[in-house]
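In case you want the letters, here they are:
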Amino acid sequence: MNKLLNTSLKRFTIYAGIVLAGSIPVYYLAISGLWQYELDEHHIILTAEAGREDTYIILGAITLLTVFFFALILGGFVWLNRRISTQLWQPFYQTLEQVKAFDLNSNATVEFQSGNIIEFEELNSSINKLLASNIATFRQQKEFTENASHELQTPLSIVQSKLDLLLQDGDLSASQSQIIEQTNYALSRVSRINKNLLLLSKIENNQFMEQQQISVAESITEIMDLLADLLEGRTIKSVINSECIVKGNRMLVEIMLTNLLMNSLRHTKKGVTIFISLTDAKLVIANPGTYPLDSLRLFKRFTAASDQTPGSGLGLSIVKEICRRYGWEVTYNFIDYRHEFAVNFHSSFE
Amino acid sequence: MKVLIIEDEPELAKSMIDYLSGQQYTCELASNYDQALVKISAYQYDCILLDIMLPGGSGMQILDQLKSQNKQDGVIIISAKSSLDDRIKGLELGADDYLSKPFHLSELAARIFSVIRRRKFANANIIVQGELTIDLPAKKVEVGGLVIPLTKKEFELLIYLIGNKNKVISKSALAEHLSGDLADMLDNHDFVYAHIKNLKKKLTEAGSGSYLKTLYGNGYKWEV
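Those protein sequences? They're chains A and U, same order as listed. Residue numbering for the first sequence follows this note's numbering, beginning at 1 and increasing consecutively. Residue numbering for the second sequence follows this note's numbering, beginning at 351 and increasing consecutively.
It is possible that part of the hints are untrue.
[Said to hold, decoys possible] Okay, the calculated beta carbon distance ranges per label pair:
{"#": "1", "chain 1": "A", "residue 1": "G233", "chain 2": "U", "residue 2": "E442", "range": "38 to 44 angstroms"}
{"#": "2", "chain 1": "U", "residue 1": "G406", "chain 2": "A", "residue 2": "Q182", "range": "25 to 31 angstroms"}
{"#": "3", "chain 1": "U", "residue 1": "E442", "chain 2": "A", "residue 2": "Y93", "range": "21 to 27 angstroms"}
[Stated by the list, open to error] Okay, derived cross-link-like pairs now, DSS-like style, lysine-lysine, Cα gap no bigger than 30 angstroms in a straight line:
{"#": "4", "chain 1": "U", "residue 1": "K489", "chain 2": "A", "residue 2": "K269"}
{"#": "5", "chain 1": "U", "residue 1": "K439", "chain 2": "A", "residue 2": "K202"}
{"#": "6", "chain 1": "U", "residue 1": "K515", "chain 2": "A", "residue 2": "K142"}
{"#": "7", "chain 1": "A", "residue 1": "K162", "chain 2": "U", "residue 2": "K417"}
{"#": "8", "chain 1": "U", "residue 1": "K515", "chain 2": "A", "residue 2": "K162"}
{"#": "9", "chain 1": "A", "residue 1": "K162", "chain 2": "U", "residue 2": "K431"}
[What the hints assert, rightly or not] Partial list, derived from the structure: chain U residues whose beta carbon lies under 10 angstroms from chain A:
{"#": "10", "residue": "K364"}
{"#": "11", "residue": "S391"}
{"#": "12", "residue": "Y393"}
{"#": "13", "residue": "I428"}
{"#": "14", "residue": "L441"}
{"#": "15", "residue": "L458"}
{"#": "16", "residue": "E481"}
{"#": "17", "residue": "T483"}
{"#": "18", "residue": "S520"}
{"#": "19", "residue": "H539"}
Hints listed in this document are in silico derivations from the structure and should not be mistaken for laboratory results. What you are looking at is a predicted structure, and each value in this text was computed from that prediction instead of being measured. From the three backbone atoms N, C-alpha and C, an ideal C-beta is built for every residue, glycine too.
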């Protein structure tokens with residue numbers, strides 16, 4: 001692909017080259033005709049050798065001049081092209097940069113500079129219109145998620161409280177209490193999905209502004225204490241070679257670590273080992289597996305990687321969103337029959 | 351003991367009153383901002399359950415009022431928002447605890463129990479239950495002068511159960527209490543059973559009566 005102005009430069013140059021090259025025989029014919037006419041006028045007769053010599057001189061001079069002018073034209077084209085591109089096309093390139101840098105997630109709108117060229121103004125206003133409708137749709141979608149999950153909290157509380165009251169009924173049979181317990185279990189999953197959706201929209205809305213230095217090693221230890229109950233026969237083998245201090249919101253970092261650990265834990269059967277490794281800039285959490293997961297869909301919302309996950313389907317999307325927020329990179333790899341989730345904190349040091 | 355429920359959702363308020371009245375609490379209800387303001391100015395409560403979003407005003411303003419009137423009522427904020435800002439702001443304004451919707455009634459009762467104990471018996475916060483003596487600030491349980499070595503979770507469980515005397519508590523409620531937000535990510539709640547079993551064993555071995563009952567294998571009850 002060529003740059004816009006280079007395409008025209010090339011064509012102009014070829015055209016100028018052809019015209020100038022074509023001009024050489026024309027000049028030659030004209031000048032040698034005139035020369036012959038002058039010779040005849042003054043009755044000068046040249047020897048064949050002298051005539052040939054003149055022809056060469058004329059041809060040489062014309063070619064030399066043509067090449068000189070061609071070089072002049074070429075230099076002029078290049079210089080003009082640069083000038084035009086820096087001045088005339090400036091607004092276009094500016095618009096291009098702004099559109100390239102635009103990120104729907106960042107909540108920032110685009111302000112185009114106004115100029116005095118009609119076409120560029122039209123371009124800018126059309127792009128503005130497009131972006132505005134995109135932003136509006138995106139915002140509506142976020143608001144909808146937030147409002148919907150918000151509005152669900154109260155009815156969920158009512159259902160929960162009624163179940164708790166029902167459980168107090170002295171006439172309940174064993175099977176009836178079992179049904180209540182199963183309902184409770186499902187209800188707590190609904191609540192979790194709801195809370196996670198709220199959390200996601202809060203992260204997207206750039207809440208959780210407060211930041212501090214956090215030791216990832218320390219946080220992992222704290223979370224493992226919390227998880228101690230849930231390990232149930234699984235072992236955790238951790239190689240922690242660094243404190244790994246990162247900058248971020250404590251709550252978000254803890255949520256991210258908990259979700260990654262819980263994710264490994266949930267997909268691991270009893271008696272299996274989970275591996276954690278932490279270096280200066282990288283955290284890896286791995287658990288054994290038999291076949292690779294679909295890494296494209298893994299971090300998307302409500303993607304069930306396998307049919308036996310009782311999770312909310314949002315844990316990894318939340319991890320992804322938190323990493324995106326701080327410019328960290330989260331990756332999934334299937335190596336040596338192990339699912340490896342890695343967070344690269346490196347970009348946060350820059 | 352008097353509890354004021356400030357909640358605009360009638361069904362939820364009804365459930366709370368139902369559950370709490372069965373225990374030693376006398377409940378009053380305010381379903382909007384103005385009613386709440388009148389009640390807190392006129393009476394003294396042991397605990398106030400405060401919804402943040404109310405018709406006619408914000409629960410935060412009520413907290414401000416309580417503070418400016420120099421009231422000593424315990425306050426638990428109940429909010430659908432579960433936002434961190436609200437939580438911090440609420441606790442700064444003098445609330446004792448924060449509970450986000452949806453919640454188990456047993457969790458609510460346990461929180462009320464703790465708040466009232468802390469407020470009323472600041473330094474001598476000791477519960478005597480038959481032959482059991484529980485020192486809340488020191489987190490120590492004794493039978494006849496002998497300390498029962500309970501883990502942190504077993505102690506929490508015991509207080510939770512005592513805060514819900516004679517009520518059936520579901521396994522999910524206990525799982526949520528013990529593991530916070532992690533409970534519902536798990537395949538089963540068997541770890542609750544393990545803790546209950548250990549607690550029961552330690553209590554009986556120390557010579558305490560068997561107050562802790564397992565019902566149908568799904569719920570638990572502290573019966574006195």
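Each hint tested on the structure:
no.: 1; hint: A:G233 to U:E442: 38 to 44 angstroms; result: 43 angstroms, holds
no.: 2; hint: U:G406 to A:Q182: 25 to 31 angstroms; result: 40 angstroms, violated
no.: 3; hint: U:E442 to A:Y93: 21 to 27 angstroms; result: 51 angstroms, violated
no.: 4; hint: U:K489 to A:K269; result: 35 angstroms, violated
no.: 5; hint: U:K439 to A:K202; result: 17 angstroms, holds
no.: 6; hint: U:K515 to A:K142; result: 44 angstroms, violated
no.: 7; hint: A:K162 to U:K417; result: 34 angstroms, violated
no.: 8; hint: U:K515 to A:K162; result: 19 angstroms, holds
no.: 9; hint: A:K162 to U:K431; result: 21 angstroms, holds
no.: 10; hint: K364; result: 9 angstroms, holds
no.: 11; hint: S391; result: 27 angstroms, violated
no.: 12; hint: Y393; result: 25 angstroms, violated
no.: 13; hint: I428; result: 9 angstroms, holds
no.: 14; hint: L441; result: 15 angstroms, violated
no.: 15; hint: L458; result: 9 angstroms, holds
no.: 16; hint: E481; result: 27 angstroms, violated
no.: 17; hint: T483; result: 27 angstroms, violated
no.: 18; hint: S520; result: 5 angstroms, holds
no.: 19; hint: H539; result: 8 angstroms, holds
Hints 2, 3, 4, 6, 7, 11, 12, 14, 16 and 17 from the earlier list are contradicted by this structure; the remaining hints agree with it.
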